[in-house]
Structures are given as C-alpha cells and as structure tokens.
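Assemble the whole structure, with the sequences as input and the hints as a guide.
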Amino acid sequence: MRNVPTDIVVRNAGGLAVVADEGILNFSLVLPETEKAKLTIHDGYVLMKELVEQAFSDSEQVIEAFEISNSYCPGDFDLSINGKKFAGIAQRRFKNGVAIMIYMSVNGKQEQRGEMIRRFYEESLQGEETRWHFPAVDPGSMANLAELLDKPLTVADVKARILSVFTKNGNTLLPGAFNQRLMEEYEKAYTKMKKRNEKINQDHYPEAD
Numbered sequence: 001m002r003n004v005p006t007d008i009v010v011r012n013a014g015g016l017a018v019v020a021d022e023g024i025l026n027f028s029l030v031l032p033e034t035e036k037a038k039l040t041i042h043d044g045y046v047l048m049k050e051l052v053e054q055a056f057s058d059s060e061q062v063i064e065a066f067e068i069s070n071s072y073c074p075g076d077f078d079l080s081i082n083g084k085k086f087a088g089i090a091q092r093r094f095k096n097g098v099a100i101m102i103y104m105s106v107n108g109k110q111e112q113r114g115e116m117i118r119r120f121y122e123e124s125l126q127g128e129e130t131r132w133h134f135p136a137v138d139p140g141s142m143a144n145l146a147e148l149l150d151k152p153l154t155v156a157d158v159k160a161r162i163l164s165v166f167t168k169n170g171n172t173l174l175p176g177a178f179n180q181r182l183m184e185e186y187e188k189a190y191t192k193m194k195k196r197n198e199k200i201n202q203d204h205y206p207e208a209d
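In the UniProt record's numbering, the protein residues as written are 1 to 209.
Derived from the structure by calculation, the hints contain no laboratory data. We put the beta carbon where it would ideally sit given N, CA and C, even for glycine. Worth double-checking, as some hints may not be accurate.
Claimed, not checked - Using C-beta positions, here's what the derived DEER-type ranges look like:
#  : residue 1 : residue 2 : range
1  : Glu184    : Asn96     : 18 to 24 Å
2  : Lys109    : Ile8      : 16 to 22 Å
3  : Gln54     : Met193    : 31 to 37 Å
4  : Gln126    : Ala156    : 19 to 25 Å
5  : Gly97     : Met193    : 16 to 22 Å
6  : Asp43     : Leu125    : 21 to 27 Å
7  : Thr40     : Gly83     : 34 to 40 Å
8  : Met183    : Gln54     : 30 to 36 Å
9  : Asp138    : Asn96     : 25 to 31 Å
10 : Gly97     : Trp132    : 38 to 44 Å
11 : Gln54     : Ile8      : 30 to 36 Å
12 : Asp76     : Glu184    : 34 to 40 Å
What the hints assert, rightly or not - Straight-line alpha carbon distances no greater than 27 Å define the calculated DSS-like cross-link-like pairs of lysine-lysine that follow:
#  : residue 1 : residue 2
13 : Lys49     : Lys151
14 : Lys49     : Lys38
15 : Lys168    : Lys109
16 : Lys109    : Lys49
17 : Lys36     : Lys49
18 : Lys49     : Lys95
19 : Lys95     : Lys195
20 : Lys49     : Lys84
21 : Lys38     : Lys194
22 : Lys168    : Lys49
23 : Lys84     : Lys151
24 : Lys109    : Lys159
25 : Lys159    : Lys194
26 : Lys109    : Lys84
27 : Lys188    : Lys168
28 : Lys192    : Lys95
29 : Lys95     : Lys188
See the structure below:
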C-alpha cells in the first residue's frame, strides 16, 4: 500500500477494509431507541435495504441481500444485482440508539478498488495463518451502481434519490441545528479522530531513511 496515494482511517463499524473515494457514498441512519421500542439487528439491515430499494424503484433490476464472500468486507446483508455486490451495511449500537451505516459504490473503477484490497491482504498476510478471517478478494465480485443499472449516476444523484424516499413517505427534512456546545463536542471528537488516524498512517508509512 506504500505506493498507493491513500490514507488509512479506522472505521467504528464494519470490521474489514474498504476503499473510499469520490465515487463512493457513505451515509448512516441514526435512530433513537427506548426500552419499549428497540430495533433488532436484522430489522436494522432490512430497513436500510428497503430504503435503497425504494430509491431505485424505477429500475427493473432486483436488489438482493446475501453475503458475497469473495468481496471486500463481506457480510450477510451485502446488496447486489445479478450477483455483483455494490453496497455493504454495518451497524453500531450505542446507548439509546443505533447507527445503520451503508457503503455504496456509485461509479468509478470498482474492479481497481477490489484489486487494491486484494493486494493489501495478500502482501500483508504473506500466506500466514491468523486467528482472524480475511476474504480471498475477487475484484470481479463487485461492481458500481452506474454499471449495474446501465445508466450514468453520480454520488449527488444517489443522495437526491435517498432523500426523496423520506419525503415521499411523509417525512419533513430539516437542516441540523448545530449550537455552540454541539459544535465544540464535534470539533473535539474530530480532532481526536484525526490524531488517532495520523498515528496509524505514520506507523504504516514511516518516512523513508
């Protein structure tokens, strides 16, 4: 990975490696929970799948959810069309709430992304057995949505489709109210995350002697 112009960031959910660039859309549904109203893990995944299905309800293609084991970061709710994965879903549970997160390949060179992760695992493991399982990535196991739907798509297009699902279902979208206290907490958390990931990059990419 040393020769690839990219930074390393540790995600707070998902577990395995993914590639994020300008052709990838990441977003989360952050939902409150109470003792009497809790979303099961399975229902959380179904909720995100149904959101994506509704966003592309004008397509004749069927979106399926099952593990694509030779993709990068495989999971039970990988979203695919004709057996090609284009999205992965993860969840993070916290006090009084849950975050359902999705990684979507919208456009760009998806096979190249897969090859990068394949090489990363191959060169990192060097055939060594570990107690963790890392997938034998097949770059051809994934594709982007633009390719699978055979139509030009941008990240902005997909964002608009996702937001339209909420309004069509009777929801009102309001901009966030970021008061000073919330912004201070955000800046503190952002700075902490940035320092943590700077250390990771320094450990993995030490300056050449």
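Hints and how they fare:
1. Glu184 to Asn96: 18 to 24 Å: holds (21 Å)
2. Lys109 to Ile8: 16 to 22 Å: Holds - the Cβ-Cβ distance for Lys109 and Ile8, about 20 Å, lies within 16 to 22 Å.
3. Gln54 to Met193: 31 to 37 Å: holds (32 Å)
4. Gln126 to Ala156: 19 to 25 Å: violated (41 Å)
5. Gly97 to Met193: 16 to 22 Å: Distance hint for Gly97, Met193 holds at roughly 19 Å.
6. Asp43 to Leu125: 21 to 27 Å: Given range 21 to 27 Å: violated, Cβ gap about 35 Å.
7. Thr40 to Gly83: 34 to 40 Å: violated (27 Å)
8. Met183 to Gln54: 30 to 36 Å: holds (33 Å)
9. Asp138 to Asn96: 25 to 31 Å: Violated, since Asp138 and Asn96 (Cβ atoms, about 40 Å apart) do not stay within the stated range.
10. Gly97 to Trp132: 38 to 44 Å: violated (28 Å)
11. Gln54 to Ile8: 30 to 36 Å: holds (34 Å)
12. Asp76 to Glu184: 34 to 40 Å: holds (39 Å)
13. Lys49 to Lys151: holds (21 Å)
14. Lys49 to Lys38: Between Lys49 and Lys38 the Cα gap is close to 18 Å, so the pair holds against 27 Å.
15. Lys168 to Lys109: Measuring from Cα to Cα gives roughly 32 Å; hence the hint is violated.
16. Lys109 to Lys49: holds (24 Å)
17. Lys36 to Lys49: holds (24 Å)
18. Lys49 to Lys95: holds (24 Å)
19. Lys95 to Lys195: holds (25 Å)
20. Lys49 to Lys84: OK: Lys49 and Lys84 at ~15 Å, within 27 Å.
21. Lys38 to Lys194: violated (32 Å)
22. Lys168 to Lys49: holds (17 Å)
23. Lys84 to Lys151: Within the cut-off at roughly 16 Å; holds.
24. Lys109 to Lys159: holds (20 Å)
25. Lys159 to Lys194: Given that 27 Å is the threshold and the Cα spacing comes to 26 Å, the pair holds.
26. Lys109 to Lys84: holds (14 Å)
27. Lys188 to Lys168: Not OK: Lys188 and Lys168 at ~36 Å, beyond 27 Å, violated.
28. Lys192 to Lys95: Distance ~21 Å between Lys192 and Lys95 Cα, so the pair holds.
29. Lys95 to Lys188: Between Lys95 and Lys188 the Cα gap is close to 20 Å, so the pair holds against 27 Å.
Hints 4, 6, 7, 9, 10, 15, 21 and 27 from the list above are not met by this structure, while the remaining hints are.
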